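Chains as they are written, first to last, in UniProt numbering: chain A, 1 to 287; chain B, 1 to 267.
For the record, the hints were derived by calculation from the structure and aren't laboratory data. Treat the hints with care, as some may be off.
Said to hold, decoys possible - Covered by chain B, per the in silico footprint, the following chain A stretches (three or more residues, Cβ under 8 angstroms):
1) 14–26
2) 85–94
3) 271–281
Keep in mind the model is a prediction, meaning the values are calculated, not measured. No residue lacks a Cβ here, since even glycine has one placed at the ideal position from N, Cα and C.
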Amino acid sequence: MSRFLGSVSIVFRRELLTVQRTPGYPALAAGLLLVLGGLVTVGGGGGTGFVPAVVDLLLPTEVLVPLLGVVLGYRALLTDATSGELTVIRTYPVSTVGYVVGVLFARLVALLAVVGIPFALVGVYVWVTAAPDTGIFATHSGVDSPLLFVRFIAFVLLFGAAYLSLAAAVSTVASSRRSAIALGLLVLLGGVLGGDLAILRSLAGGASATGIAETLALTPNGAFRGLVFEHVVGVAFASDGEFVHTGRAVGSLVGWTLAGTAVAVVTLAYRGRLDVVNERIRRRGGY
Amino acid sequence: MSEHTLAELVDVTRTYGGVPVLDEVSVSITSGVTVVVGPNGSGKSTLLGILAGAVEPVDGEVRYAHENGADAGKRIGYLPQRVPFRDAFTARETLGFYAALADGDPDAALADVGLADAGDKRVAALSGGMRRLLGIAQATLGNPAIAVLDEPTSGLDPAMRERAFRAAAARANDDTAVVVSSHDLDLVDSYADEIVVLDRGRVAAAGSVERLLTDHGVENVTSLFRAVVGDGASAVTDAGDGDSDDGPENGDATAPESVHVAGVSDR
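Could you put the whole structure together from the sequences, leaning on the hints where they help?
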């Protein structure tokens with residue numbers, strides 16, 4: 001186990017160094033900060049409080065965070081595979097699981113910086129400019145509070161991690177940067193629009209509306225939105241029922257993250273073997 | 001597997017798109033320097049890739065003497081034909097990563113290949129020859145039992161070729177095999193203990209240099225190659241850079257004379 005953790009740590013440090021030397025990532029963070037700040041300003045400024053700021057940011061966040069997750073993940077595992085360095089790394093005592101986990105952890109740290117810092121700065125801006133009663137660390141519903149924004153950021157990061165992991169997973173099946181971009185866009189569109197469209201379709205097909213809370217949690221966007229309504233926006237007022245089952249929603253986001261990691265590991269570990277199986281079939285079939 | 005045999009390829013076949021690149025190849029790798037030679041497209045890189053574990057054979061098997069050992073460290077070193085390191089890293093950072101995985105010393109490895117003064121240079125700023133030396137240093141980090149180097153002299157000037165070959169050969173000893181593919185038959189003459197001659201995906205000749213020269217009644221490896229491969233020899237003896245895919249600087253001037261497996265480059 002210690003050897004496994006050691007190799008994860010070595011891969012992690014190498015990937016983190018790569019991330020630090022990628023000049024585009026600070027620009028992405030600055031761009032996100034600009035957009036978030038603009039949205040809050042247009043929505044009435046920081047003086048309106050945390051919950052109104054979250055309401056203003058919610059819809060753009062459902063597009064921007066997946067986009068940044070995909071940008072951070074779409075080449076994460078492709079670079080070494082296409083350059084041939086992965087074949088070299090495999091001659092060292094590091095497992096495919098250790099390699100994937102090390103790379104993804106480093107990318108998650110990048111997500112924390114590129115996405116988490118701009119959101120945190122917006123939170124600080126709201127805290128500084130909002131009315132005095134928003135400075136209360138609320139422990140009960142009905143009161144705006146910085147803790148609600150902290151929760152929001154935590155959900156944002158969980159949400160982004162799911163997309164990052166899924167983008168990294170599809171990058172393992174891509175054969176070039178261009179195909180990785182195409183697959184990343186497919187993940188983005190499928191995640192942002194696909195889940196909601198599927199729910200609408202099931203409702204149109206006669207599914208019960210009472211099941212929406214359960215179905216919503218299955219997609220990353222639905223789970224994120226449900227958690228924000230349940231634990232951030234909904235806390236500020238008394239709601240009639242739950243927007244989403246919390247455990248199911250958190251489990252869904254963690255599950256998508258783990259599923260992406262698992263797909264990446266399996267693809268990297270067995271892609272070569274699949275190629276061999278294809279060749280054997282060709283050989284025996286004589287074509 | 002005999003006492004000095006470190007690896008064996010037994011009836012190994014590899015196809016790409018149904019086209020055979022290696023066809024029932026059996027080779028034993030013993031300690032010392034083994035050089036794989038052959039015309040472009042003869043399957044050298046595929047053979048080395050299979051030996052290094054980077055390519056899976058479609059049929060046949062690869063056996064290693066270290067398979068049953070308790071040591072979980074690095075057992076095989078591999079330098080692919082195209083040196084794959086990240087451009088933004090320095091030579092020391094590159095080796096530092098691999099050294100950390102193999103419990104090696106990056107500075108000693110840089111010094112071994114004569115790159116001690118280039119440790120702080122980014123990979124992107126290294127010349128083709130220095131990149132290959134860095135690749136050799138990487139492949140031999142951690143003292144693997146078998147170091148597999150795919151055309152370590154490709155695209156280099158004569159002095160750098162000699163230096164690269166010397167650095168590679170220096171790693172070979174009684175317990176270590178260095179397996180190199182090369183088109184530099186004069187250097188093969190100087191450094192090889194064993195030769196494997198590949199032609200159209202099959203082993204045309206294999207064994208110790210002395211024995212093969214005696215068996216074919218020739219004086220050097222270039223003549224041996226001509227005797228074994230025939231017309232395809234011109235592609236190699238004139239080639240120098242051979243079938244490298246390492247960018248324009250390596251050229252592909254020999255392509256028209258090359259012997260190719262239909263539809264397949266020297267993968």
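Here's how the hints hold up against the structure:
1. 14–26: holds (count 4)
2. 85–94: holds (count 9)
3. 271–281: This one holds; 6 residues, not fewer than the three required, reach chain B with a Cβ under 8 angstroms.
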